[in-house]
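With the hints as extra help, turn the sequences into a complete structure.
Okay, here's what each chain looks like letter by letter:
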Amino acid sequence: MSTNSIHLKKEILVRIVKAFFSENFEKQARLIPYDMRPKGAEVPFRCCIYKERAILKDRVIAGLGFAIEDDDETVSLSEYAEKSLERKEPEKNPLTVLGAACKACVPKRIHVTDLCQGCVARPCVSTCKFGAIEIVNGHSVIDSTKCKACKMCINACPYNAIVKVAVPCEDNCPVNAIEKNEDGTAKIDFDKCISCGRCVSKCPFGAVHEKSQLIEVLKLLKAEKELTLMFAPAVVGQFPGTIGQLKSAMKKVGFTHVYEVAQGADVTIKNEAKELEERLEEGQDFMTTSCCAGYNQFTKKHLPEIEQYKSDTKTPMYYTAEIAKKEHPNAINIFVSPCVAKKQEAFENENVDYVLNTAELGALFIGLQIEIANCEDEEIENEPSKQGRNFPVSGGVAEAVKFRANCEVCPSVINGLNKDSIRLLKKYAQNGKCDDGNLVEVMCCDGGCIGGNATIADERTAKKLIKTILDNSKDIEKEETKENATKQ
Amino acid sequence: MKKVDVKVCMGTTCFVMGSSNLQKLIDVVPRKFKDNVEVSGMACLGMCSSSGEYSKAPYVKVNDVVVQEATIDKVVEEIERQLNEH
Chain V
1 MSTNSIHLKK EILVRIVKAF FSENFEKQAR LIPYDMRPKG AEVPFRCCIY KERAILKDRV
61 IAGLGFAIED DDETVSLSEY AEKSLERKEP EKNPLTVLGA ACKACVPKRI HVTDLCQGCV
121 ARPCVSTCKF GAIEIVNGHS VIDSTKCKAC KMCINACPYN AIVKVAVPCE DNCPVNAIEK
181 NEDGTAKIDF DKCISCGRCV SKCPFGAVHE KSQLIEVLKL LKAEKELTLM FAPAVVGQFP
241 GTIGQLKSAM KKVGFTHVYE VAQGADVTIK NEAKELEERL EEGQDFMTTS CCAGYNQFTK
301 KHLPEIEQYK SDTKTPMYYT AEIAKKEHPN AINIFVSPCV AKKQEAFENE NVDYVLNTAE
361 LGALFIGLQI EIANCEDEEI ENEPSKQGRN FPVSGGVAEA VKFRANCEVC PSVINGLNKD
421 SIRLLKKYAQ NGKCDDGNLV EVMCCDGGCI GGNATIADER TAKKLIKTIL DNSKDIEKEE
481 TKENATKQ
Chain W
1001 MKKVDVKVCM GTTCFVMGSS NLQKLIDVVP RKFKDNVEVS GMACLGMCSS SGEYSKAPYV
1061 KVNDVVVQEA TIDKVVEEIE RQLNEH
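Read top to bottom, the protein sequences are chains V and W.
Residue numbers are given in our numbering: position 360 of the first sequence equals residue 360, and the series is strictly consecutive.
So our numbering is basically just the index in the second sequence, starting at one, shifted up by 1000.
Hints in this document: simulated from the structure, not taken from any laboratory.
Each hint should be verified, as a subset may be incorrect.
Subject to a maximum C-alpha distance of 27 Å in a straight line, what follows is the list of computed BS3-like cross-link-like pairs (lysine-lysine) [to be verified]:
1. V:Lys51 with W:Lys1056
2. W:Lys1032 with V:Lys463
3. V:Lys463 with W:Lys1003
4. W:Lys1056 with V:Lys27
5. V:Lys464 with W:Lys1002
6. W:Lys1056 with V:Lys464
7. W:Lys1024 with V:Lys202
8. V:Lys9 with W:Lys1024
9. V:Lys433 with V:Lys467
10. W:Lys1056 with V:Lys252
11. V:Lys463 with W:Lys1007
12. V:Lys467 with W:Lys1007
13. W:Lys1032 with V:Lys464
14. V:Lys464 with W:Lys1007
15. V:Lys9 with W:Lys1074
16. W:Lys1024 with V:Lys463
17. W:Lys1007 with V:Lys9
18. W:Lys1061 with V:Lys464
19. W:Lys1056 with V:Lys9
20. V:Lys180 with V:Lys151
21. W:Lys1056 with V:Lys39
22. W:Lys1074 with V:Lys464
23. V:Lys463 with W:Lys1061
24. V:Lys464 with W:Lys1034
25. V:Lys202 with W:Lys1056
26. W:Lys1074 with V:Lys202
27. V:Lys9 with W:Lys1061
28. V:Lys467 with W:Lys1003
Right under this line is the structure:
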């Protein structure tokens, strides 16, 4: 299943940018669903053009930064546009569900298909512990009120006639925070949600949206404020061109200062390597990384017992924002990455004012007709290391610490947070011991940040682009050995 | 046999709207058609700049035929159509 931001969602973001810079933002915002599905247009996805437009309207509401759940259908998009301009700060809880798109997907259940042969042995009936299977007209039928979805019957049927009808958002949420309620719509429980964005990327209907902060940023750009844009290492694999060209393109959008967050990643590497040495020396068996925003929320909400084994080192975003604030104290700091969890992290960091995702940055480039290939390949000051730039690829963080550290590092990589990897982490926390290595790297997204919910490029392309950059980057300096340090 | 020349637009608009995921075309398609097909990534072909046309990106050119909202399947289908014409 593709994890990239779908075409429709990206098109809407571009249309919002265009509407914003038009002569009448409110009117153009109201017209977005009609421009996308004009009278007589083909109806590619839904039952009729009216439903298509209604769903597009909901997507625009999220694009303007509001919760779709709060919409009572009487408020027009022009009113939403007006409200978005007046909004003082972005809404909390960065995710919202588009109910009308979501209803197309049936609730999770176990289903007997017509491959059922009505056999004599009836292993499904005998394995079911809940008495949920009956034979009707010679075929097995499941009573959904009794079925506990244990899947025993699926394994028992020799004809593979029984299947589990999946609900991708539920199946991919590592912490059971999203669930279809009685009316068939998925609902997010924000007490449990770790904003990892897995539901966003796994829903084939694109029904889970980020509440965008695009309007906040557009307002600042229009007012020509002093702005600092910090771009995560994963952003590099999402656009064509060199880093120098990408930086010029960002400045052309209107960002005054541009920082590579890989610069902050270098600070993370140094601190984390030192911390690992100290902890191992003190006799601790293992340490986990702490740079994934989704993982950090996961430990806080669901596995506090592992926090003592988690590194206290801050994230690359934290250090970059600190550096940027020191160098440009009056500028407003904006962070961009393919990750929605960073929005939550930014709410807790006074040095980060707003967060964009890569699709929204892409929409700015398209809306303002900026061609990266035609931008000047500007010189890079304070060039980050190869290791810092490799942070967004699964395994990259652990490798970086291993390269820098002055002790034996044996990495163990958790590539994607899911029920299996959570079981592993629980085991490590309970035993205070990890048999798989002494540095456990945890990334919520499959493949690392390059598998984030708002990525543009697939993993393969992103990896290739990042590799080109790495080949021309310098190694981070290694830590001094103890003997050298005492000599000086 | 007829030669087919495929140009994948790698301009910013096309890249963001999806040509970043057409890398497979460049990697796999020439092999599949035994060198009757040549695929290359191109700088902006200029098809996105007229008003509203960004929504039809990514663009791929198969000889003179422009494929809109290009996907791997759509492009392969067009290649096959052109190869079978003769």
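Checklist entry - Among the hints numbered above, which are violated by the structure, and what are their numbers in rising order? => result Going through the list in order, the structure violates hints 3, 5, 9, 28 and respects the others.
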